[in-house]
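2 protein chains.
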Amino acid sequence: MFSDKIIADLKSASFIRAMFEQGNRLRQIYGDENVYDFSIGNPEIEPPEEVINAIREIASSREYGTHRYMSNAGYLFVRKAIAGRLSQAYGMEVPAENICMTCGAAAGLNVVFKSILNPGEEAIMFAPYFAEYKFYIGNAGGVPAIVETDENFQIDAAAFRAAIKPGTKAVLINSPNNPTGVIYKDEILEKMAGIIKEKEKEYGTGIIVVSDEPYNEIVYEADRLPVVFRIFENAIVVNSYSKSLALPGERIGYVAVSPKLKQNGLLMEAIVFNNRTLGFVNAPAIVQRIVAKAIDAAVDPGIYRERRDILYNHLTSLGFQCQKPEGAFYLFVKSPVENEMDFVETALRNNVLVVPGRGFGRAGYFRIAFCVGLDTIKGSLKAFEKIAAEYFN
Amino acid sequence: MFSDKIIADLKSASFIRAMFEQGNRLRQIYGDENVYDFSIGNPEIEPPEEVINAIREIASSREYGTHRYMSNAGYLFVRKAIAGRLSQAYGMEVPAENICMTCGAAAGLNVVFKSILNPGEEAIMFAPYFAEYKFYIGNAGGVPAIVETDENFQIDAAAFRAAIKPGTKAVLINSPNNPTGVIYKDEILEKMAGIIKEKEKEYGTGIIVVSDEPYNEIVYEADRLPVVFRIFENAIVVNSYSKSLALPGERIGYVAVSPKLKQNGLLMEAIVFNNRTLGFVNAPAIVQRIVAKAIDAAVDPGIYRERRDILYNHLTSLGFQCQKPEGAFYLFVKSPVENEMDFVETALRNNVLVVPGRGFGRAGYFRIAFCVGLDTIKGSLKAFEKIAAEYFN
Chain A
1 MFSDKIIADL
11 KSASFIRAMF
21 EQGNRLRQIY
31 GDENVYDFSI
41 GNPEIEPPEE
51 VINAIREIAS
61 SREYGTHRYM
71 SNAGYLFVRK
81 AIAGRLSQAY
91 GMEVPAENIC
101 MTCGAAAGLN
111 VVFKSILNPG
121 EEAIMFAPYF
131 AEYKFYIGNA
141 GGVPAIVETD
151 ENFQIDAAAF
161 RAAIKPGTKA
171 VLINSPNNPT
181 GVIYKDEILE
191 KMAGIIKEKE
201 KEYGTGIIVV
211 SDEPYNEIVY
221 EADRLPVVFR
231 IFENAIVVNS
241 YSKSLALPGE
251 RIGYVAVSPK
261 LKQNGLLMEA
271 IVFNNRTLGF
281 VNAPAIVQRI
291 VAKAIDAAVD
301 PGIYRERRDI
311 LYNHLTSLGF
321 QCQKPEGAFY
331 LFVKSPVENE
341 MDFVETALRN
351 NVLVVPGRGF
361 GRAGYFRIAF
371 CVGLDTIKGS
381 LKAFEKIAAE
391 YFN
Chain P
1 MFSDKIIADL
11 KSASFIRAMF
21 EQGNRLRQIY
31 GDENVYDFSI
41 GNPEIEPPEE
51 VINAIREIAS
61 SREYGTHRYM
71 SNAGYLFVRK
81 AIAGRLSQAY
91 GMEVPAENIC
101 MTCGAAAGLN
111 VVFKSILNPG
121 EEAIMFAPYF
131 AEYKFYIGNA
141 GGVPAIVETD
151 ENFQIDAAAF
161 RAAIKPGTKA
171 VLINSPNNPT
181 GVIYKDEILE
191 KMAGIIKEKE
201 KEYGTGIIVV
211 SDEPYNEIVY
221 EADRLPVVFR
231 IFENAIVVNS
241 YSKSLALPGE
251 RIGYVAVSPK
261 LKQNGLLMEA
271 IVFNNRTLGF
281 VNAPAIVQRI
291 VAKAIDAAVD
301 PGIYRERRDI
311 LYNHLTSLGF
321 QCQKPEGAFY
331 LFVKSPVENE
341 MDFVETALRN
351 NVLVVPGRGF
361 GRAGYFRIAF
371 CVGLDTIKGS
381 LKAFEKIAAE
391 YFN
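Chain order of the listed sequences is A and P.
Heads up: the first sequence at position 289 corresponds to 289 in my numbering, and the numbers run straight through without jumps.
Heads up: the second sequence at position 368 corresponds to 368 in my numbering, and the numbers run straight through without jumps.
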């Protein structure tokens, strides 16, 4: 009696759900402190002080109309604050009119794909990938075209070139990357820009680069990230404050469309229209106000760097193979056995929850989300030793 | 370079946008106090005191994890609070497991239609209707089947019966109604339930009644509203706190699935899955907490009753024909000229903004949203006199 497609999707998604249920079951048996749950990217840290102060200010100011509808694109004063920051970071003017506030990056991506994809058109995405991307593209009637990255999880220019077809409408990139922690280099992005231009000319099409950047404030070594608005002609940035302000439950983010993108004004109209009609209507008013008041705040990446270093050093010393993440808060580790499902089972037996790589389109690996408390990190070290002992001698 | 469908939709939607722009233009020329904008259902009143206190409490309690992800269905304690209220109001047990918190009713309806409709399946809706419904059904690949109501805007049983086809999957009702203010009577809903059973048997199909009830707390005469969970076998209630707590900008509402609905557990899984993958992820954490703290609060319908009475009495005394709204905060008035676009133009010349009936699928009428300040209501009376003078003698 329901949607056949959704019921089928439910079945394919049931594996990860089973994982979460396992976590709850283990916690009930062994207690919270004896279960090392690295399964979800749900930051354990609290938001910066500026966020708490912002909520207090909103409550006490009682400004008239605080909770009313505003423009579907969001408050102009919030969009201006973000535009100001982006203009400075990008070294080019980003007008407030090119920003639409969204209920997080997940909302932003759905709105963007619905705005640009015609049924059957392809959006290229790179494996390993954040699994939800496939749904976002599919919701808009698009088709995800998966391109494998190289052994360092960097984009392979030749594979990228080969994947572009006449029906390619979008290229989705995510850097710092979930699940690998990789940051794409300027050089590779510039090479991609050249390939896109070449292919657009060959096919007489237009290709839009959609850059999902929720981890842009969680960067460990680099002093700046590549600016996609400068590198690509037709670019859209999607962002979220879930990670940078540790507000994942509040659903706040934005879409920024490059002023260089052809007919960007028309695209903004389509984005705002879809923000409305897909049912978001507007990003939550109070959370928009919080973000504007805390616009210069961000979580300290040092908190995550410490966790990364402890886990990365421990795991590699035990014999695990893993690239050192340059950003975000995930380790994507090679499974010591070919079938990583076996490894995930072994980890589970030791009360350690990790996500199998096939959930991200790359079997033979597993993901650790290290945005958990330091106690969990430290408590897990012994468990990882026991797990390692089953595989390495 | 964008989605052809969305660009086409934009064109068809540009008329209402032009209306809003007219309002802004008029306000700039004549000043806020000389423009009578009845175009949007954006409550002018402030939320109840309980809401303001809730925000203050959240800010000062600083509970650990307040802004983190929770289950995609929302906090269990919030769902339990709502389930308790519904169980009492409906006189039957509604389990918390059958409730999913959503980013308002617009989100809830998108999530519900995506969960139940297969491509090409029909959802019956009644004219005049809230225009966004067509987009919500279309987003899920469904087809809106419009059924006209009778001269009192009540559902016509014969027309309803004739509209049900083998491909009919859903029936969308909205009571108290936007734009007419009508409340559907128990008798007509019970008649509909009988027709649905008969047609389900005839076609061997299942039909789900989706009841959009954001105005359920804004009721003028009735002491209780019909309970769709008791009347229909397969029913879903979608609700929002936009009107009942005057929080339209905050995007908070819920979907409740009847425990009598066949396989309601599976449907809840589909709804929670779609809440996640359509990009809502979860209803905003802080707003869920606000709603739970203010669960027994509601705006005073007396505020709207006063506005209704002033406008209704004035307009009918001037010669306008209009049914007296039993709920919600809209008047749906017969245009004194056949082409209501001409009337809307005349109103505009007098700084009065109303929405043409064709925006709701019923030409020859116009809608007044009277959720504005009492000053606006009173200030508009003279303007309506001048407008009336152009049509009635």
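The set of hints was computed from the structure by calculation and includes no laboratory data.
This structure is a prediction, so every number in the text was calculated from the model and none was measured.
Worth double-checking, as some hints may not be accurate.
Which copy is meant is left open, so a pair is good if it fits within one copy or across any two.
[As the list claims (entries may be wrong)] With a straight-line cut-off of 20 Å between C-alpha atoms, the simulated EDC-like cross-links for lysine to aspartate or glutamate are:
(1) K386 to E233
(2) K201 to E233
(3) K199 to D32
(4) K5 to E269
(5) K80 to E233
(6) K197 to E46
(7) K11 to E269
(8) K262 to E202
(9) K134 to E187
(10) K262 to D4
(11) K378 to E202
(12) K199 to E97
(13) K11 to E233
(14) K197 to E187
(15) K293 to D223
(16) K165 to E57
(17) K334 to D4
(18) K134 to E269
(19) K197 to D186
(20) K80 to D309
(21) K165 to D342
(22) K80 to E200
(23) K334 to E63
(24) K80 to E33
(25) K134 to D296
(26) K134 to E217
If you test the structure against every hint from before, which numbers come out violated?
1, 3, 5, 6, 9, 11, 12, 13, 15, 16, 17, 20, 21, 22, 23, 24, 25, 26
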